[in-house]
Amino acid sequence: MALKSWLRVPSGSPFSIANLPFGVISTKEQPTGRVAIAIGDFALDLFAFTAAGGFSKSKELQPYSSVFAQPALNGLAAFNIQYQTRQYIQSVLAEDTPHPELLKDNEELQKLVFTHLSQVQCHLPFHIGDYTDFYAGLNHAFNVGVLFRGASNALQPNYTHLPVGYHGRASTVVVSGTPIRRPRGQILTDPTAEPKLPIFSPCKKLDIELELACFVSKPNEMGSPIDIKDAEEHVFGYVLMNDWSARDIQAWEYVPLGPFNSKNFGTTISPWVVLPEALEPFRTSGLQRSDSGQLLPYLTEPRKDNAYDIKLEVELRPSGTDKGKVISRSNSKYLLYSFPQMLTHHTVTGCAMNTGDLLGSGTISGTEADSVGSLLEMTKNGKEPFTIDGVQRAFLEDGDEVILRGTAGQGEDCVGFGDCAGVILPALEN
Amino acid sequence: MAPLRSWFPIPPASHFSLANIPFGIISTTANPKPRLGVPIGDHVLDLALFTANNGFARQSTIQPHQHVFSELTLNSFAALGRPVHSVVRKYIQDVFLENTSYPEILKDNAALQKEALVPLKEVTNHLPLEIGDYTDFFVGRNHAYNCGILFRGPENPIAPNYDHLPVGYHGRASSVVVSGTPIRRPFGQIEAEKNNPIQSPCLRLDFEMEMGAFVCKANKMGEPILIDEAEDAIFGLVMMNDWSARDIQFWESTPLGPFNSKNFGTSVSPWVVLIDALEPFAAKGLPNAQQTLPYMQQKNEKNQYDIKLKVDLTSQSGQTATVCKVSATELLFSFPQMVAHHTIGGCPMRVGDLLGSGTISGNEPGSCGCFLESTQGGKVGITLSGGEKRMFLEDGDTVTFSGVCGTEDGGLVGFGECSGTILPALKL
Chain S
1 MALKSWLRVP SGSPFSIANL PFGVISTKEQ PTGRVAIAIG DFALDLFAFT
51 AAGGFSKSKE LQPYSSVFAQ PALNGLAAFN IQYQTRQYIQ SVLAEDTPHP
101 ELLKDNEELQ KLVFTHLSQV QCHLPFHIGD YTDFYAGLNH AFNVGVLFRG
151 ASNALQPNYT HLPVGYHGRA STVVVSGTPI RRPRGQILTD PTAEPKLPIF
201 SPCKKLDIEL ELACFVSKPN EMGSPIDIKD AEEHVFGYVL MNDWSARDIQ
251 AWEYVPLGPF NSKNFGTTIS PWVVLPEALE PFRTSGLQRS DSGQLLPYLT
301 EPRKDNAYDI KLEVELRPSG TDKGKVISRS NSKYLLYSFP QMLTHHTVTG
351 CAMNTGDLLG SGTISGTEAD SVGSLLEMTK NGKEPFTIDG VQRAFLEDGD
401 EVILRGTAGQ GEDCVGFGDC AGVILPALEN
Chain A
1 MAPLRSWFPI PPASHFSLAN IPFGIISTTA NPKPRLGVPI GDHVLDLALF
51 TANNGFARQS TIQPHQHVFS ELTLNSFAAL GRPVHSVVRK YIQDVFLENT
101 SYPEILKDNA ALQKEALVPL KEVTNHLPLE IGDYTDFFVG RNHAYNCGIL
151 FRGPENPIAP NYDHLPVGYH GRASSVVVSG TPIRRPFGQI EAEKNNPIQS
201 PCLRLDFEME MGAFVCKANK MGEPILIDEA EDAIFGLVMM NDWSARDIQF
251 WESTPLGPFN SKNFGTSVSP WVVLIDALEP FAAKGLPNAQ QTLPYMQQKN
301 EKNQYDIKLK VDLTSQSGQT ATVCKVSATE LLFSFPQMVA HHTIGGCPMR
351 VGDLLGSGTI SGNEPGSCGC FLESTQGGKV GITLSGGEKR MFLEDGDTVT
401 FSGVCGTEDG GLVGFGECSG TILPALKL
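Line order of the protein sequences matches chains S and A. Be aware that the first sequence starts at 1, since it is given in the UniProt record's numbering, and climbs by one per residue. Be aware that the second sequence starts at 1, since it is given in the UniProt record's numbering, and climbs by one per residue.
It cannot be assumed that every hint is accurate.
[What the hints assert, rightly or not] FRET-style restraints, in silico, Cβ to Cβ:
1. A:PRO287 x S:GLN121: 25 to 35 Å
2. A:LEU428 x S:ALA78: 18 to 28 Å
3. S:LYS383 x A:LEU286: 34 to 44 Å
4. A:ASN363 x S:ALA154: 38 to 48 Å
[As the list claims (entries may be wrong)] Per the computed footprint, the stretches of chain S lying under chain A, defined by three or more beta-carbons under 8 Å from a beta-carbon of chain A, are:
5. 245-258
6. 295-306
In case anyone wonders, no lab produced these hints; they're calculated from the structure. From the three backbone atoms N, C-alpha and C, an ideal C-beta is built for every residue, glycine too.
Using the sequences and the hints given, assemble the complete structure.
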């Protein structure tokens, strides 16, 4: 495609003109949150742009421009104008823009609307009514199943028939950069001992989960399922997600109702929401089901290329060191189910989705040891620690920083997410 | 306990005696905008109108915050904290007392009475709070035991963790609706034969008799609500029906818990009964064979409430049956303990969050809080008043919960109704 901007965008920047993700920012000068788009090394403040008449060349968008003043993307999404807004901004930023007077030739306005990303505070992009986490990373589910049940019983019989999921805690979703405090809770010091008597302790097996997540744009009424052929219309866009997990707390609590305190102490997302239009060039097919048995009709998608080829990486910077190291390289195509399938399954009972709801894919792992999305898998539940620059790690230590990254494409057509990062704070002491 | 007599006609058997004073959100045909209301006998006091007419003139604590009574939800009122709720409740009680300290406010104000006291029948109820997150627990031990026999097998019905922590799972906030909202039979995957699912309407639709608690205190992420503060985090209680699709549940729930089997609908009764009104009925809950870890230890042994709960079924043709009678003391952990456990890892609570106790079942016949238990997994049906049989819910069935504490002498404290009628499944 090779669309170029008149603004200088470094080659390989995740925020090329082919991307243009939405986020919510504030600055020291103006501490109230408002809507922005990331381009190259800058945030384009859409509120300031609107106030200066930036949308004057769009009859469609002018009536809605008050949404850019809001400290969340929900208003924008509720009017479903994200696609047109992105198209319009793309045309304003294009080298051969039909409207150079709006910004390209307006240095004064450029100073008002562009802020360097290093000077910008990013906020949670949506007000989130409900958050659901799925488990669609087949390799991850298999690896974890092997660890706890053995290879022959690794996957449950339901796994290839429905995207297994559980409701998460909306209040714990935070934006990249928010520190994550090591949780305390009930753990078994020796899971094999009888009788099983838990102690109260800081978590000793603090883990990450590399995931992709999507935000809902169009809602559905309670009692009215979303049909698979319409499901894509309900997707606003994508972010990276780290579903921090406390594995020892999880092992003790999760029978029979699933993970709870082991997840609800923190969930981090990247701040810039990438629209499906930006990911279109990177469609590919996801993991295939190998066993017999067809997918039920309500989940059968019209297209086979229902995944995205996004290179994902996990960087760990151990406490006390300056530089992190990439410990895993994965890809978002390692999913058995797509987001449209997750949305359709989630609403087949009539469950109501609202604008701003968040759906996580589940941990995304490849098949190799250096392509897994969790330390649980990487270290085989702590049995095989690894070393970074002389420092040994099995699970996370206090002061460690984890950064998730994702990029599709390359050079001037790179479409990426920005960092999804968090530092571990020590557990509270009574 | 000395009965509280009112100058206002309150039927002696009313669940909304002066001993109660619960809060809800109402609207009327005359004024369709939702606002706060308090049921008194067979009427509702419209708090927005009451406030606008200087009803709180003699109550100084609430005066700077009076705007909360004309809001669309109870959240701002709840955020003021239990000491304020307590003072407001006592004031409203006093305003209605026969020997009220403030006769000019309402007793001697016929015009305001006419405007602000609306017959209960003429009022529409709305969801009382805006819910950020909803969590369902599982602390009805008899229920856990009975279901465990069906799901886990008779040798091992209770998992090793059960007595050590209040087992819970995050629920779907968007599924919570107010009593009276119809509930559509969900569609989903059920096993036609072992490991071979089909897509079908749910064939085993169930109810679950639970108590719900609304939170009125927020904590910062990373900072737990400690057990000694957790009592003040509970605004009040409602009844809750955690409608469940048992066949969908059985197929989907391993290993991550119930999901679609729950998220199609959850009903709550409309009037939030403050903890203050329930204190006279405090009682001990189920005994725990295990020592509770210190972070959940409550000083007060009487940490449950003796609320007499009842579940009635009415079929489309009008046949009825009382399918459950149970006390809310049949619980292993209290709501403050659930709050302390839920936040111990740093999980943030927000004002308006909802917690469910889990299905409440007794040990006697007729005290099972769901059909799964009372029909022994769909084996032994019940018979309705006109001879119709039931194993699980049919289309057109209405399930109604009622709950009440105390005696007529002392003034009944009740929860209103939590009801829902089953609509047929949509064709996919």
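Going through the hints against the structure:
1. Under the hint 25 to 35 Å, the C-beta atoms of PRO287 of chain A and GLN121 of chain S, about 52 Å apart, miss the expected range.
2. The hinted window of 18 to 28 Å between LEU428 of chain A and ALA78 of chain S holds, with their beta carbons roughly 27 Å apart.
3. Separation of LYS383 of chain S from LEU286 of chain A is about 40 Å and conforms to the stated range, judged on CB atoms against 34 to 44 Å.
4. Taking 38 to 48 Å as the suggested C-beta distance range, the pair ASN363 of chain A and ALA154 of chain S conforms, at roughly 39 Å.
5. For the stretch 245-258 of chain S, the assignment as covered by chain A holds, since 9 residues bring a beta-carbon within under 8 Å of that chain's beta-carbons and 3 suffice.
6. Figure legend: the stretch 295-306 of chain S, annotated as covered by chain A; annotation consistent (3 residues with Cβ-Cβ distances under 8 Å, at least 3 required).
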